[in-house]
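> Below are the chains, spelled out letter by letter.
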Amino acid sequence: MKPAPFEYVRPASVEEAISALTEGGYAAKALAGGQSLIPAMNFRLAQPAVLVDLGGLDELRGIHPRDDGGLVIGAMTLHREVEHSSLVAEHLPLLAEVMPWIAHPQIRNRGTVGGSLAHADPAAELPSVMQVLDAVLHVQGPDGVRTVPIDEFYYGLFTTALEPDELLTAVEIPPLPAGSRSAFEEVSRRHGDFALAGVAAVVQEAEDGTVARARLSLLSVGDGPVLAERAMACLAGRTLTAESIREAAALTSEDLDPPGDIHASAEFRRHLAGVLTTRALDRLRA
Amino acid sequence: MDEAQRVNVGGSVNGARFEREVEPRLLLSDFLRHDLHLTGTHVGCEHGVCGACTVLVDGEAVRSCLMLAVQAEGCEIITVEGLAGDDLHPIQAAFHEEHGLQCGFCTPGILTSLLPFLRDHPDPDEQEIREAISGNLCRCTGYQNIVSAVKLAAEQMRK
Numbered sequence: 001m002k003p004a005p006f007e008y009v010r011p012a013s014v015e016e017a018i019s020a021l022t023e024g025g026y027a028a029k030a031l032a033g034g035q036s037l038i039p040a041m042n043f044r045l046a047q048p049a050v051l052v053d054l055g056g057l058d059e060l061r062g063i064h065p066r067d068d069g070g071l072v073i074g075a076m077t078l079h080r081e082v083e084h085s086s087l088v089a090e091h092l093p094l095l096a097e098v099m100p101w102i103a104h105p106q107i108r109n110r111g112t113v114g115g116s117l118a119h120a121d122p123a124a125e126l127p128s129v130m131q132v133l134d135a136v137l138h139v140q141g142p143d144g145v146r147t148v149p150i151d152e153f154y155y156g157l158f159t160t161a162l163e164p165d166e167l168l169t170a171v172e173i174p175p176l177p178a179g180s181r182s183a184f185e186e187v188s189r190r191h192g193d194f195a196l197a198g199v200a201a202v203v204q205e206a207e208d209g210t211v212a213r214a215r216l217s218l219l220s221v222g223d224g225p226v227l228a229e230r231a232m233a234c235l236a237g238r239t240l241t242a243e244s245i246r247e248a249a250a251l252t253s254e255d256l257d258p259p260g261d262i263h264a265s266a267e268f269r270r271h272l273a274g275v276l277t278t279r280a281l282d283r284l285r286a
Numbered sequence: 001m002d003e004a005q006r007v008n009v010g011g012s013v014n015g016a017r018f019e020r021e022v023e024p025r026l027l028l029s030d031f032l033r034h035d036l037h038l039t040g041t042h043v044g045c046e047h048g049v050c051g052a053c054t055v056l057v058d059g060e061a062v063r064s065c066l067m068l069a070v071q072a073e074g075c076e077i078i079t080v081e082g083l084a085g086d087d088l089h090p091i092q093a094a095f096h097e098e099h100g101l102q103c104g105f106c107t108p109g110i111l112t113s114l115l116p117f118l119r120d121h122p123d124p125d126e127q128e129i130r131e132a133i134s135g136n137l138c139r140c141t142g143y144q145n146i147v148s149a150v151k152l153a154a155e156q157m158r159k
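These protein sequence lines are chains E and Y, in that order. Counting in my numbering, the final residue of the first sequence is number 286, and the numbers go up one at a time with none missing. Counting in my numbering, the final residue of the second sequence is number 159, and the numbers go up one at a time with none missing.
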């Protein structure tokens, strides 16, 4: 058998799941959709002693609208459910746009929103998208519930603010402020493969047509989602023109220190990040 | 090591009930092949890249190498063996007609991926077809005849 042996626990409630995680400590691992964890277990890169299967926790599934147009998405909601949700299409077009970029249909049929966010793969699309959407993560542990703004959630490669006895239960996304537009761009070798680079962008326009606030988050070019902070700052107060976009894209590239691998050199990834930033911002010009 | 934990799992495969006690680390792909002797589901990369092990779980295509058998508790599974009745399924017939396979290793995963795809996209264009099979590696055909076969299958199934 491919994975190493483990003790299998299938809790009937979030509280039971947290007890099992607390008991297991660092040797325990929560199983969501398994589309990243099970391959890692098949390679025996991951060898949890206790596997806590969240598959029975229906309370963690579903897309719930807030009164103001924001959404709360349960951690165990499938990628497919988000992809086909009319609520998401209506309220968060950026999220609807990104879903087909996430792996292949077979993976989206099992993979979950919470699993992707908590796994913190630097090539994942959702962390960057949630970052530009100013999402807030709902986290539950033995001492209760806390919320973590997305900008404080990612610590580094496959590392988040989650403690070993905590569970990501939902992600809450506020509505886009009035005057906002969003775009997503990505390049991969083959549709559905890991991104060589990608960018999620939200630009909020003030009444005079200048940029009130810009959010740009890059993926697959760092050890997690990377906010292009200097580029964001350089756009504020200006209109989106060829000139300001070129400047923002140059700052984005300059500030990155991407990894190189067999699929793309660091230099190519840095170049790509600039090109994709330009494409995304070009789409957002009025 | 203590005696291995065993967990009960029950569901159905191709309409037939099953009930087994398995080690929780047993993958669904291996469960189908070794325990239920349904060897039509092929095992290629075993880490979710090649798509050869694709089966339907509750009507949707999933990679059986990325699922534990115990996660299939209460599920309805369809494998490639469940496609044909007395005659080949129209998708299978179209692959035969258009020479959509050579060695055949990837074929079960492609057929099972296409079943829900054609259900949801009865009249797909070439771009949609190529995206639908983007998660299935074929090293023989170059995909051209697979795409032709999907077009033919869609046409036949619309009749």
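The hints are simulated quantities; they were obtained by calculation from the structure and are not laboratory data. It should be emphasised that the depicted structure is a prediction, and the values quoted were computed from it without experimental measurement. Accuracy of the hints is not assured; some may be wrong.
[Said to hold, decoys possible] Partner residues are not named here, just some residues of chain E that face chain Y (Cβ under 10 Å, in silico):
#1 G25
#2 K29
#3 G34
#4 Q35
#5 A40
#6 G62
#7 A96
#8 P105
#9 Q106
[Said to hold, decoys possible] To give an idea of the interface, some chain Y residues facing chain E are shown, with a C-beta separation under 7 Å as derived from the structure:
#10 Q127
#11 E128
#12 E131
[Claimed, not checked] Every beta carbon over 10 Å from chain Y, so not counted as near; a handful from chain E, in silico:
#13 M1
#14 Y26
#15 G70
#16 V72
#17 A89
#18 H104
#19 E152
#20 G156
#21 L162
#22 L227
Using N, Cα and C, we set each Cβ at its ideal position, and we do this for glycine too.
> Now, for every hint given, state plainly whether the structure supports it.
The hints, checked one at a time:
With a cut of 10 Å, the hint placing G25 of chain E at the interface with chain Y is violated, because the nearest CB-to-CB distance is about 19 Å. Interface restraint check for K29 of chain E: the shortest CB-CB distance to chain Y comes to about 13 Å, outside 10 Å, so the restraint is violated. Hint status for G34 of chain E: holds, given a least beta-carbon distance of 6 Å to chain Y, under 10 Å. Annotation: interface hint on Q35 of chain E holds; nearest CB of chain Y at approximately 6 Å, less than 10 Å.
Nearest Cβ of chain Y to the Cβ of A40 of chain E: about 8 Å, under the 10 Å cut. The hint holds. Taking 10 Å as the C-beta cut-off, the interface hint given for G62 of chain E is violated, the closest approach to chain Y being about 17 Å. For A96 of chain E, the shortest C-beta to C-beta distance to chain Y is roughly 16 Å, which exceeds 10 Å, and the interface hint is violated. Because the beta carbon of P105 of chain E sits about 6 Å from the nearest beta carbon in chain Y, less than 10 Å, this interface hint is met.
A cut of 10 Å between beta carbons decides the hint on Q106 of chain E: the least distance to chain Y is about 5 Å, and the hint holds. With a cut of 7 Å, the hint placing Q127 of chain Y at the interface with chain E is violated, because the nearest CB-to-CB distance is about 9 Å. Evaluation of the E128 of chain Y hint against chain E yields a violated restraint, the C-beta minimum of about 11 Å exceeding 7 Å. At a threshold of 7 Å, the smallest CB-CB gap from E131 of chain Y to chain E is about 5 Å, leaving the interface hint in force.
Not every beta carbon of chain Y lies more than 10 Å from that of M1 of chain E, the smallest distance being close to 5 Å; the non-interface claim is violated. Its beta-carbon lying about 19 Å from the closest one in chain Y, Y26 of chain E satisfies the requirement of being farther than 10 Å from that chain. For G70 of chain E, the condition that its CB be more than 10 Å from all CB atoms of chain Y holds, with the nearest at approximately 28 Å. No Cβ of chain Y approaches the Cβ of V72 of chain E within 10 Å, the least distance being about 24 Å, so the stated non-interface status holds.
For A89 of chain E, the requirement that its beta carbon stay farther than 10 Å from each beta carbon of chain Y is met, with the minimum near 16 Å. For H104 of chain E, the condition that its CB be more than 10 Å from all CB atoms of chain Y is violated, with the nearest at approximately 3 Å. Listed as outside the interface, E152 of chain E is consistent with that label: its C-beta sits roughly 31 Å from the nearest C-beta of chain Y, beyond the 10 Å cut-off. The beta carbon of G156 of chain E sits about 24 Å from the closest Cβ of chain Y, which is more than 10 Å, so the claim that it is off the interface holds.
Every Cβ of chain Y is farther than 10 Å from the Cβ of L162 of chain E; the closest lies at roughly 22 Å, confirming the non-interface assignment. Every C-beta of chain Y lies more than 10 Å from that of L227 of chain E, the closest at about 30 Å, which supports listing it as non-interface.
In the structure shown, a violation is registered for the earlier hints numbered 1, 2, 6, 7, 10, 11, 13, 18, in ascending order.
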